[in-house]
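Protein chains in written order, with numbering that gives the first Met the number 0: chain C, 0 to 233; chain H, 0 to 233.
For the record, the hints were derived by calculation from the structure and aren't laboratory data.
C-beta: ideal position from N, C-alpha, C; glycine also.
Accuracy of the hints is not assured; some may be wrong.
[Said to hold, decoys possible] Label-pair ranges, simulated between beta-carbon atoms:
| # | chain 1 | residue 1 | chain 2 | residue 2 | range |
| --- | --- | --- | --- | --- | --- |
| 1 | H | Ala216 | C | Ala216 | 43 to 51 Å |
| 2 | C | Pro51 | H | Asp74 | 27 to 35 Å |
| 3 | C | Met0 | H | Asn33 | 48 to 56 Å |
| 4 | H | Gln50 | C | Gly182 | 41 to 49 Å |
| 5 | H | Thr89 | C | Met0 | 30 to 38 Å |
[Said to hold, decoys possible] Stretch by stretch, here's where chain C covers chain H in the computed footprint (C-beta under 8 Å, at least three residues):
| # | region |
| --- | --- |
| 6 | 139-153 |
| 7 | 161-174 |
Below, each chain spelled out in residue letters.
There are 2 protein chains.
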Amino acid sequence: MTELRERVKVIAFDVFGTVVDWHGSVKREVEAMNLGVDGGEFALAWRAGYQPAMAEVMQRGEWVILDVLHRRILDRVLADFGLDDMDEATRHHLNRAWHRLDPWPDSVEGLTRLKSKFMISSLSNGNIGLLADMAKHAGLPWDVILCAETFNKYKPHPDTYRGVARTFEVDPGEVMLAAAHHGDLEAARNCGLETAYIERPWEYGRDEAKNTAPWDANSLHNTSIIHLAEQLGC
Amino acid sequence: MTELRERVKVIAFDVFGTVVDWHGSVKREVEAMNLGVDGGEFALAWRAGYQPAMAEVMQRGEWVILDVLHRRILDRVLADFGLDDMDEATRHHLNRAWHRLDPWPDSVEGLTRLKSKFMISSLSNGNIGLLADMAKHAGLPWDVILCAETFNKYKPHPDTYRGVARTFEVDPGEVMLAAAHHGDLEAARNCGLETAYIERPWEYGRDEAKNTAPWDANSLHNTSIIHLAEQLGC
Numbered sequence: 000m001t002e003l004r005e006r007v008k009v010i011a012f013d014v015f016g017t018v019v020d021w022h023g024s025v026k027r028e029v030e031a032m033n034l035g036v037d038g039g040e041f042a043l044a045w046r047a048g049y050q051p052a053m054a055e056v057m058q059r060g061e062w063v064i065l066d067v068l069h070r071r072i073l074d075r076v077l078a079d080f081g082l083d084d085m086d087e088a089t090r091h092h093l094n095r096a097w098h099r100l101d102p103w104p105d106s107v108e109g110l111t112r113l114k115s116k117f118m119i120s121s122l123s124n125g126n127i128g129l130l131a132d133m134a135k136h137a138g139l140p141w142d143v144i145l146c147a148e149t150f151n152k153y154k155p156h157p158d159t160y161r162g163v164a165r166t167f168e169v170d171p172g173e174v175m176l177a178a179a180h181h182g183d184l185e186a187a188r189n190c191g192l193e194t195a196y197i198e199r200p201w202e203y204g205r206d207e208a209k210n211t212a213p214w215d216a217n218s219l220h221n222t223s224i225i226h227l228a229e230q231l232g233c
Numbered sequence: 000m001t002e003l004r005e006r007v008k009v010i011a012f013d014v015f016g017t018v019v020d021w022h023g024s025v026k027r028e029v030e031a032m033n034l035g036v037d038g039g040e041f042a043l044a045w046r047a048g049y050q051p052a053m054a055e056v057m058q059r060g061e062w063v064i065l066d067v068l069h070r071r072i073l074d075r076v077l078a079d080f081g082l083d084d085m086d087e088a089t090r091h092h093l094n095r096a097w098h099r100l101d102p103w104p105d106s107v108e109g110l111t112r113l114k115s116k117f118m119i120s121s122l123s124n125g126n127i128g129l130l131a132d133m134a135k136h137a138g139l140p141w142d143v144i145l146c147a148e149t150f151n152k153y154k155p156h157p158d159t160y161r162g163v164a165r166t167f168e169v170d171p172g173e174v175m176l177a178a179a180h181h182g183d184l185e186a187a188r189n190c191g192l193e194t195a196y197i198e199r200p201w202e203y204g205r206d207e208a209k210n211t212a213p214w215d216a217n218s219l220h221n222t223s224i225i226h227l228a229e230q231l232g233c
């Protein structure tokens with residue numbers, strides 16, 4: 000552990016689900032609109048379109064920021080939920096709910112503590128404007144916002160993980176990715192990064208806890224970002 | 000003024016000279032190395048290579064980050080100052096002096112006050128890693144780091160100024176550039192941005208004050224970043 004603490008210079012964080020509670024936040028916004036739909040189900044349907052939309056962008060070799068993908072998916076989900084009559088201004092406002100996601104209770108304190116010793120960065124598939132608005136809304140104290148838009152590639156493309164190391168002119172082993180998703184961490188590990196898993200059992204809502212069992216391959220397993228800070232001596 | 004305060008959403012800052020004192024900081028680092036040269040003259044010679052190097056990059060259509068340009072210029076300046084025998088590790092360390100520039104005395108307070116009401120961003124020709132290291136060193140509380148590397152263009156290319164507006168999905172008139180250089184502000188104005196001049200009479204050293212006379216075309220003229228915050232009601 001001491002060796003790891005000394006070697007790592009930069010901690011990059013996945014954001015959706017790891018730092019902020021997208022399900023609870025989108026659910027609340029949808030329910031506050033009194034649309035007559037289940038906010039939690041709406042949030043899940045919207046998020047379900049996320050991976051396929053990014054995969055399609057990467058396959059086509061086009062570049063489209065996440066705000067645009069979120070909007071394309073939203074228009075489909077609204078139709079599926081029988082809400083086709085929603086006007087343009089309301090759709091636009093709702094689409095920006097992803098700019099207003101709330102942090103998990105430990106995120107701000109954990110990040111602030113880690114910032115005292117490490118360079119802390121986002122590494123999200125969100126776009127720069129989305130992440131800057133979110134940081135201001137949620138009080139996330141990033142040293143720097145790095146994301147898919149910085150590298151014109153979506154995770155898990157290696158350019159994103161390696162891009163963090165290149166940005167700071169350090170070796171991949173001096174960068175740690177913290178995320179609530181084993182697949183994201185595995186892709187980072189394949190690029191030589193250290194990896195820290197963060198348990199977020201309620202990422203998909205309070206009805207059913209997500210499996211947060213440890214994977215041995217990760218450098219660290221943490222119950223929260225505060226726990227990660229403690230493990231790294233902050 | 001009230002109209003301006005209400006309209007502007009994002010304030011983007013030029014950094015070298017406007018927020019940080021590159022001349023004084025580089026001078027101090029060079030003098031601390033006891034190289035037997037005048038630190039102030041060395042800093043001026045290094046900086047003199049900056050505009051031509053960027054212009055060459057833009058003309059060739061290649062993309063090279065500022066750390067690399069700084070290093071190319073440094074190698075030439077070392078030769079000119081008879082310091083050709085400097086070893087690689089020392090050159091590398093010296094080149095990163097630009098990551099360790101100190102803020103002007105009003106910068107941190109001014110930015111912190113502006114951050115309470117506006118989205119505050121860098122818009123520098125520095126690269127992302129340089130600006131993130133500098134922000135951590137100097138305590139600059141950016142909401143987001145935007146720069147030439149974000150847009151793969153050096154100022155005064157219009158893509159940089161328009162890129163700030165596009166990042167936040169706002170009109171160019173909702174963005175204000177703050178800078179100590181009338182040319183930078185003029186280029187921003189030509190893209191529809193509001194402009195705030197910041198007086199930095201000692202940008203090129205204490206020997207001779209820079210002409211900081213107002214240009215009527217700027218939206219605001221300020222003696223410091225704190226003064227800008229006051230003018231904008233922060």
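Here is how each hint holds up against the structure:
At roughly 59 Å, the beta-carbon separation of Ala216/H and Ala216/C lies outside the given 43 to 51 Å, and the hint is violated. A hinted range of 27 to 35 Å for the beta carbons of Pro51/C and Asp74/H is inconsistent with their spacing of about 49 Å. For Met0/C and Asn33/H, the hinted distance range of 48 to 56 Å is not satisfied, since their beta carbons lie about 40 Å from each other. Distance hint check for Gln50/H and Gly182/C: the Cβ-Cβ separation is about 46 Å, which falls inside the suggested range of 41 to 49 Å.
The beta-carbon spacing between Thr89/H and Met0/C, approximately 33 Å, falls within the hinted interval of 30 to 38 Å. Residues of the region 139-153 of chain H with a Cβ under 8 Å from some Cβ of chain C number 5, which satisfies the need for three, so the listed coverage holds. Given as covered by chain C, the region 161-174 of chain H passes the check, having 3 residues with a CB less than 8 Å from a CB of that chain where 3 are the minimum.
Checked against the numbered hints given earlier, the structure breaks hints 1, 2, 3 and satisfies all the rest.
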